[in-house]
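S.K.: Starting from the known structure of chain A, fit chain B onto it as the hints suggest.
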Amino acid sequence: MIINYASLDFSSNHRTEYAYMLEGYNKEWMSNGPVTTATYTNLDPGKYVFKVKAINPEFIGNPQITSLPIRIIPAWYQTLLFKILFITAISALLFSLIRWYYLARLRKQRLEYEKLLAVQTERQRISAEIHDDIGAGLSGVRLLTELTKQKAENPELKSEIEKIYSSVSDLSGKMKEVIWSLNTDNDNLENLLYYIRRQGEQLFENSPIELAVQLPEQIPDVNLKGDLRRHIYLAVKEALHNTLKHSSANHCTMSINVAGELLDISVSDNGKGIRSTDHHNFSNGLRNMQKRMKQIGGNVRIENMNGTQVDFTIPLKETS
Amino acid sequence: MTTISIVEDSPVFQDALVKIIEESDEFAIADIYSSAEEAMEISVHKPDLAIVDIALPGMNGIELIRKLKARPLPTLFLICSLHDDDDKIVTALESGASGYILKDSTAAQIKEALLEVVRGGAPMSPYVAKRVISFFKSQN
Numbered sequence: 001m002i003i004n005y006a007s008l009d010f011s012s013n014h015r016t017e018y019a020y021m022l023e024g025y026n027k028e029w030m031s032n033g034p035v036t037t038a039t040y041t042n043l044d045p046g047k048y049v050f051k052v053k054a055i056n057p058e059f060i061g062n063p064q065i066t067s068l069p070i071r072i073i074p075a076w077y078q079t080l081l082f083k084i085l086f087i088t089a090i091s092a093l094l095f096s097l098i099r100w101y102y103l104a105r106l107r108k109q110r111l112e113y114e115k116l117l118a119v120q121t122e123r124q125r126i127s128a129e130i131h132d133d134i135g136a137g138l139s140g141v142r143l144l145t146e147l148t149k150q151k152a153e154n155p156e157l158k159s160e161i162e163k164i165y166s167s168v169s170d171l172s173g174k175m176k177e178v179i180w181s182l183n184t185d186n187d188n189l190e191n192l193l194y195y196i197r198r199q200g201e202q203l204f205e206n207s208p209i210e211l212a213v214q215l216p217e218q219i220p221d222v223n224l225k226g227d228l229r230r231h232i233y234l235a236v237k238e239a240l241h242n243t244l245k246h247s248s249a250n251h252c253t254m255s256i257n258v259a260g261e262l263l264d265i266s267v268s269d270n271g272k273g274i275r276s277t278d279h280h281n282f283s284n285g286l287r288n289m290q291k292r293m294k295q296i297g298g299n300v301r302i303e304n305m306n307g308t309q310v311d312f313t314i315p316l317k318e319t320s
Numbered sequence: 321m322t323t324i325s326i327v328e329d330s331p332v333f334q335d336a337l338v339k340i341i342e343e344s345d346e347f348a349i350a351d352i353y354s355s356a357e358e359a360m361e362i363s364v365h366k367p368d369l370a371i372v373d374i375a376l377p378g379m380n381g382i383e384l385i386r387k388l389k390a391r392p393l394p395t396l397f398l399i400c401s402l403h404d405d406d407d408k409i410v411t412a413l414e415s416g417a418s419g420y421i422l423k424d425s426t427a428a429q430i431k432e433a434l435l436e437v438v439r440g441g442a443p444m445s446p447y448v449a450k451r452v453i454s455f456f457k458s459q460n
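So the sequences go chain by chain: A and B. Going by the working numbering, the first sequence opens with residue 1, and the numbers climb by one from there. Going by the working numbering, the second sequence opens with residue 321, and the numbers climb by one from there.
If you are wondering where the hints come from, they were derived from the structure by calculation, not from laboratory data. None of the values given here were measured: they were computed from a predicted structure. There could be a bad hint or two in this list.
[Said to hold, decoys possible] Cut-off 27 Å, straight-line C-alpha distance, at most; resulting in silico cross-link-like pairs (DSS-like, lysine-lysine):
id, chain 1, residue 1, chain 2, residue 2
1, A, K294, A, K245
2, A, K176, B, K431
3, B, K431, A, K151
4, A, K108, A, K225
5, B, K387, A, K174
6, A, K149, B, K366
7, B, K431, A, K149
8, A, K158, B, K431
9, B, K450, A, K245
10, A, K174, A, K149
11, A, K163, B, K339
12, A, K158, B, K339
13, A, K237, B, K450
14, A, K115, A, K317
15, A, K294, A, K225
16, A, K176, B, K450
17, A, K237, A, K163
18, A, K163, A, K151
19, A, K174, B, K431
20, A, K176, A, K115
21, A, K317, A, K108
22, A, K245, A, K149
23, A, K291, A, K176
24, B, K450, A, K151
25, B, K387, A, K176
26, A, K163, B, K431
27, A, K27, A, K47
28, B, K387, B, K366
[Said to hold, decoys possible] Beyond 12 Å from chain A on every Cβ pair, some chain B residues (computed):
id, residue
29, H365
30, F456
31, N460
Just so it is clear, CB atoms sit at the ideal spot from N, CA and C, and this is done for glycine as well.
Just chain A, same shape as in the assembly (with noise of 0.2 Å):
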């Protein structure tokens, strides 16, 4: 904005001077020498007075200030009403961004829920039906087998029903720990450990050797997934598998603890321990052992004095 201005001066020496202010901008005089122009930018909406006023040095007195009101009447983008709908605006479209990316969060959670859920249903369906058929079967065939064999006089013919008759139990066993690792009600140290107790309990059932199972008092309440289940019972079985093959030992102790994150199991024997003629048995399972532990990220020690003692150390964290 220029606001041109003159004072009717009509004396020759042009000595005029000139101060003027903006009412509303300016808090105090300006004072602008001869020059006749008062020049404002960027003067926001609003009602001003421009006053001005010129200084003669050969003239004494007050001089006559001169005013014009000025409105400066807002752009439509200065409105309040355009202010409002503008805020109004970006607030909304923050909102239903905001909104939008925790809905496609919450559809993608609920998908991989579902997913999730849609799997464990199908394994429990899967274990469910496996043991009540297939179980069933199996055992049925075995019971078949074993009648056969004692009507069997052939003693070769006897040996070979003999032979069906160990394969269909060995399946048997082997597909009850399938079914167990597949069933999700089973995803839990405590149950890991009822089972480990129970399958030693049965494995050592008809043998010379007594088994004595130490639990902790409370097992904590701790998630593990089926394939971690599956990797750590096995291990153990192999141990308590060597021990009644080849230990020649009369007591075992399984002892179980739990110490923070850290699953600790170790069986012991007061048998023979290792001898250099069992080697080749025990180094086939020591790596079958190891190579569990290896993927679970946990180890295993052996000890061979008297007798001997297998330490497994499990991490119970999930390390995936």
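M.R.: Relative to chain A, chain B alone:
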């Protein structure tokens, strides 16, 4: 001779049980059922003994025993199941079963269990007996 009915949905296992019973002099087959619903007939035919599976299509074996036991019936029940979890064992025995054996028992063990039921005993597979004892221990 002791008459025995079988409630079992697996044809192979049914067959095996029939053979065990037929080959023994002490027992005779009464009826064979594939579901608990059919086996409600036990209350009419009144066999001396019934071998009952737990996992059956429809009503389960425990429910069947509970229903039949609600009537005056001379029949004794022996559970023969794959399930060996504590709650199945306990509820089966509570429902009125005389014994509980697992399907991985040998033919000789099954026959011995049948004889024991007849003698008034309560036969259990070694693992089942252990679970029952630890169940009572945990109750104290």
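S.K.: Tell me, which hint numbers fail for this structure?
M.R.: The structure conflicts with hints 5, 6, 24 and 25, although it agrees with all the remaining ones.
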